[in-house]
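J.: Sequence:
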Amino acid sequence: MAKNTSPIDEWSLLAKAAQSGDKKAYRQLLSDILPYIRNILMPSLANADAADDITQEVLISVHKSLNTYNPDKPFRPWLSAIINFRRTDYLRKYYSKRDDQKTSLDNPDYISQNVTNDTYAGELRDIEGALAEIPEKQRTIFKLIKIEGYTAEEVANKMDMNVSAVKVSAHRTTKRLKGALGE
12 MAKNTSPIDE
22 WSLLAKAAQS
32 GDKKAYRQLL
42 SDILPYIRNI
52 LMPSLANADA
62 ADDITQEVLI
72 SVHKSLNTYN
82 PDKPFRPWLS
92 AIINFRRTDY
102 LRKYYSKRDD
112 QKTSLDNPDY
122 ISQNVTNDTY
132 AGELRDIEGA
142 LAEIPEKQRT
152 IFKLIKIEGY
162 TAEEVANKMD
172 MNVSAVKVSA
182 HRTTKRLKGA
192 LGE
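Just so you know, we're using this note's numbering here: the sequence shown kicks off at 12 and counts up by one.
Treat the hints as calculated values from the structure; they're not laboratory data.
With a straight-line Cα cutoff of 30 angstroms, these simulated DSSO-like cross-link-like pairs (lysine-lysine) come out:
no., residue 1, residue 2
1, Lys34, Lys84
2, Lys104, Lys169
3, Lys104, Lys189
4, Lys75, Lys104
5, Lys169, Lys148
6, Lys75, Lys34
7, Lys186, Lys148
8, Lys157, Lys75
9, Lys104, Lys148
10, Lys186, Lys104
11, Lys186, Lys169
12, Lys178, Lys154
13, Lys148, Lys178
14, Lys178, Lys157
15, Lys157, Lys186
16, Lys75, Lys35
17, Lys189, Lys148
18, Lys157, Lys169
19, Lys154, Lys169
20, Lys154, Lys186
21, Lys84, Lys157
Each pair of labels, with its calculated beta carbon distance range:
no., residue 1, residue 2, range
22, Ala191, Gln67, 37 to 45 angstroms
23, Leu192, Ser91, 21 to 29 angstroms
24, Ser42, His182, 40 to 48 angstroms
25, Gly140, His182, 18 to 26 angstroms
26, Asn168, Pro82, 32 to 40 angstroms
27, Thr185, Ser91, 18 to 26 angstroms
28, Ile158, Gly190, 16 to 24 angstroms
From a predicted model like this one, the values you see are computed outputs, not experimental measurements. All residues carry an ideal CB built from backbone N, CA and C; glycine is no exception.
Take the sequences, apply the hints, and build the full model.
T.: Dropping the structure here:
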């Protein structure tokens, strides 16, 4: 590592070198970001196997799109975007397979199986309680966009609505929930 650079800054330098064909820098970059990716994913997933799968997908995406990274910009936000996209893709596929199974955050079994932190479990119950006060259509739009990761366009198609109406509904629901939860 170069003097006076943080590991994160080093990633930008390694990515730039890797873009220029430096195989050693490329291997070092992947080796360095691997634990970071896993540490970002693990707290948000209850399943270590899922975190490993998504980590591999992120590494593949980094490999395929490293040429799109702008070395004049920080590397971490670029990597974080890939992590978030891959996690969202995974969760969307996971939950679409379960569309026929209705789950509720009120179900203690669901929470214990899918939330690994008691503090978050309590917050989820608070959110679910606040959501119960919102009309069903708005609640559905909010859950599809904010929880399941669908785009406004996908929700509009699914619910036979105008895209802007979906966006307005999601925004108003978010604002209402923030007020109900004291944020």
